[in-house]
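Sequence order for the protein chains is V and G.
For reference, each letter of the first sequence is one residue, going 1 to 320 in my numbering.
For reference, each letter of the second sequence is one residue, going 1 to 332 in my numbering.
Calculated directly from the structure, the hints in this document are not laboratory data.
Idealized CB from N, CA, C, for every residue including glycine.
Treat the hints with care, as some may be off.
[What the hints assert, rightly or not] With a Cα cut of at most 27 Å, we get these calculated DSS-like pairs of lysine-lysine:
hint	chain 1	residue 1	chain 2	residue 2
1	V	K235	G	K246
2	V	K227	G	K231
3	G	K231	G	K246
4	V	K212	G	K216
5	V	K294	G	K270
6	G	K231	V	K235
7	V	K227	G	K226
[Claimed, not checked] Some residues of chain G that are not near chain V, with every Cβ distance over 12 Å (derived):
hint	residue
8	Y45
9	I47
10	D50
11	K96
12	I130
Here's the letter readout for the chains.
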Amino acid sequence: MKNGAFGTILGVIIAIAAVVFLAFITGAVYIVNETQQVVITQFGKPVGEPVTSAGLHFKTPLIQQAHYFEKRLLDWDGDPNQIPTKDKKYIWVDTIARWTIVDALKFLQSVGNEMGVQGRLDDIINSATRDAVTSHLLVEAVRNSNRILESGSEGGEDVIVTDEALERIGVGRQMLESFILEKSNVLAPQYGIEIRDVRIKRINYVEDVRNKVYDRMIAERKRAAEKYRSEGQGKSAEIEGQVAKELKEITSEAYRQAQVITGKADAEAVSIYANAYNQDEQFYSFLKTLETYKETIDDKSTVILTTDSDYYRYLKSLDK
Amino acid sequence: MSFDNVPSPDEIIDVGKKKLGDAWKYIPWFIGIFLLLGAARGMIYSIGPDEVGVIQRFGKYAGLSSPGLHAKIPFGIDKVTPIKVEKVFKEEFGFKTMQAGVRSRYGRGDYLDESLMLTGDLNILDVRWIVQFRIKDAVKLMFATRNPLNNIRDISEVVMRRFVGDYSVDEVLTVKREEIDDLSQQEIQRILDSYNVGVQIVTVKLLDVNPAEKVKPAFNEVNEAKQEKEKMINQAWEAYNKVIPKARGTAEKTIREAEGYAIDKVNRAKGESERFLATLKEYKKAPEITKKRMYLETMAEVLPEAREKYIIDKEQGSILPLLDINKKGGER
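Chain V on its own, in the form it takes in the complex (with noise of 0.2 Å):
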C-alpha cells in the first residue's frame, strides 16, 4: 500500500519531468537570461517585439525560433591605425568603443550576429577616427587643455617645452573623442545598436617619428644640462663679484670712518694747542724755538755762531 503510493508520485514526478523536458527540446519554453534578450522568427519571420525580461518564456514549438542577443555593454577594440594630424605628423592611434543592441530585430535583420557587426564598426569609427585625427593638430589629440600653457610659469624650474607644444588648443582629446562618437553614431541605428562610448585609448609615434622625438628629446635635456651648468657659473660669478663689492665697500668705509676720526683728532689737537699756545705766543716760539735746538743739534752737525750771539757775547766782553 505504502509503496504503492509512493510509486504513484514518483510515477507523476517522471512524468512531469518529462514533459520539461520535452517542452525544452522541443523548444517551447526558453529562458532568457539577464544578459540576453531574444528576438522570436516564424519561418525565418520576426513575430512580436524582443523579448527584453528575463526569465522563462513560452513559445510555439519547433515552427518559432529563439535568436538571442546580448543586451550588456559590448566591447569594441579597433586595430592601431597610422593616421597622419593636420600638421602632417604620423601616428598610430587606437581606439576603443562601447556600444549595445537597442533594437534586436534591427540587429538580427542587418548584421544578423555580433561578428558581423564588428566588421562594420571597425569601418565606422575607423574612419570617423581618421577624419577627427586628419583634421586637428597633434597637439589637440594628445592635449586635453591648455593646462601647461596656464600653469606654465608655475613650474618655473624647467623650462624646456617645445615651441610646437606651446600651440594653444581649441579642441583637445575628449572634444575629438566626442566627435568621433556623434559621427559614429549616425551610421549606428542602421544596424539596430548605439554606440555608448568611443576614446582613444593610445596615440603613439610611428616607429621613424618616435626615433626623432627621441632624438629632440636627448637635445632637449642637453640644452637644459647646459642651462644648469652655466646659471651655476653665472650665480658663481655673482657671488665672486659680491665678493669683490662687499670687500672695496668694507675697506672703504673702514678707511672713510678712519679718515674722519683721524681728522676730527687733528682738529682737536689743533684747537687744543691754539688755546694754549695763544696765550703767550712769544713765549711758545721761544720754547719751540729751544726744543728744536735740541732735535737738530747732533753730532753730525757743524756750528758756527759768531760773538755776537747771546751764547758767545761774553767771550768779548762781559759788560754787553
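Given chain V, put chain G in place with the hints provided.
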C-alpha cells in the same frame, strides 16, 4: 553465547532468495533516494565570508544571498554566482608581477605598447601604474557589461594617457604624480559608473615613470648638471665666507687704529698744552731771567752734541780766525 540460532546453509540461500525478491520492491526507493540526494546536492550551497551570491531563477535575477549556508531550487532552475565583494583586486599596467612576495619578481616582457605614452609637451615617457578596485555592486558587475575587467583596463589606459597628455614630462616625472593619481582615480570612476560596471576604484598609483631607455642618459645628465650647479654655488659661497668676515675684521682694525691715533693725538695735545701753560705760568713770574736761563741751559745741552763748532768774531770778515771750541768741551 549460544550457537543454537546459527542458520544452516540452506536456510541462508532461502533467506537470500527472499531478500532478492524484496529488493525489487525497493528499487523505486533507490531511485527516489538517488534523486533526492542529487537534488540535495544541488539544493545546498555556501557563500564565503567575503562573498555575496547572485541568485538567478530561470536566468532572471532573483536576489542576493549573504555569507553562510543556503538552499536553492535544484536542476539548474536556480543558479547562484558567488562574487567576491570584499577583496581588493589589482590590475597592473606596463608590467606584470610574476610572483608577488617580499621580493616580488616582475616579468621581463615588453609592455611598451601599454606603457609608452605622449606627454603634453610631446615627449615620450614610459609610465607604469596600478589600479586597485573592489566590486561595489555585484548585480551591475554581472549584468551591465559583458567584460568588466576589460572595461577597467581600457578605461584606465584611456584616462591615464589623457592626463599624462595634459602634463609636461617633468611634472609627470616629479611633482605632479599625486595629482595625476587622484584625478585619474576620479575620472576612471566617473566613466566606469557611466558604464554601470559596478566597481569602486580604490587606488590609482603611478609606479615607475621613466624616460625611454634611449633618452635616460640625457635625463641623468640634467640631474648631474643640477648637482653641479648647486656645487658651484656652494663653492662660491664658501669663497665668500672665507673672504668677507676676514675683511670685516680688518676694517674693524683700521677703525680701531684710527681711534687709537685720535686718542693719542688729543692726549698729546692736551698734555703738551698743559705743560706749556704750566711753564708759562711760572715764566710770567720772572720772564727775563727764566728766558735767559732756559736759553743758556739749552745751549749747554745742545752744543756738546755738535761735531764742530765755529765761533766767529763779528768784526772778522773771513773764516780764518776760527776757534775750535770742541777741545774745550764747549763750556763757558
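Structure-based check of all given hints:
no.	hint	result
1	V:K235 - G:K246	holds (22 Å)
2	V:K227 - G:K231	holds (15 Å)
3	G:K231 - G:K246	holds (23 Å)
4	V:K212 - G:K216	holds (15 Å)
5	V:K294 - G:K270	holds (22 Å)
6	G:K231 - V:K235	holds (11 Å)
7	V:K227 - G:K226	holds (9 Å)
8	Y45	holds (19 Å)
9	I47	holds (19 Å)
10	D50	holds (23 Å)
11	K96	holds (18 Å)
12	I130	holds (18 Å)
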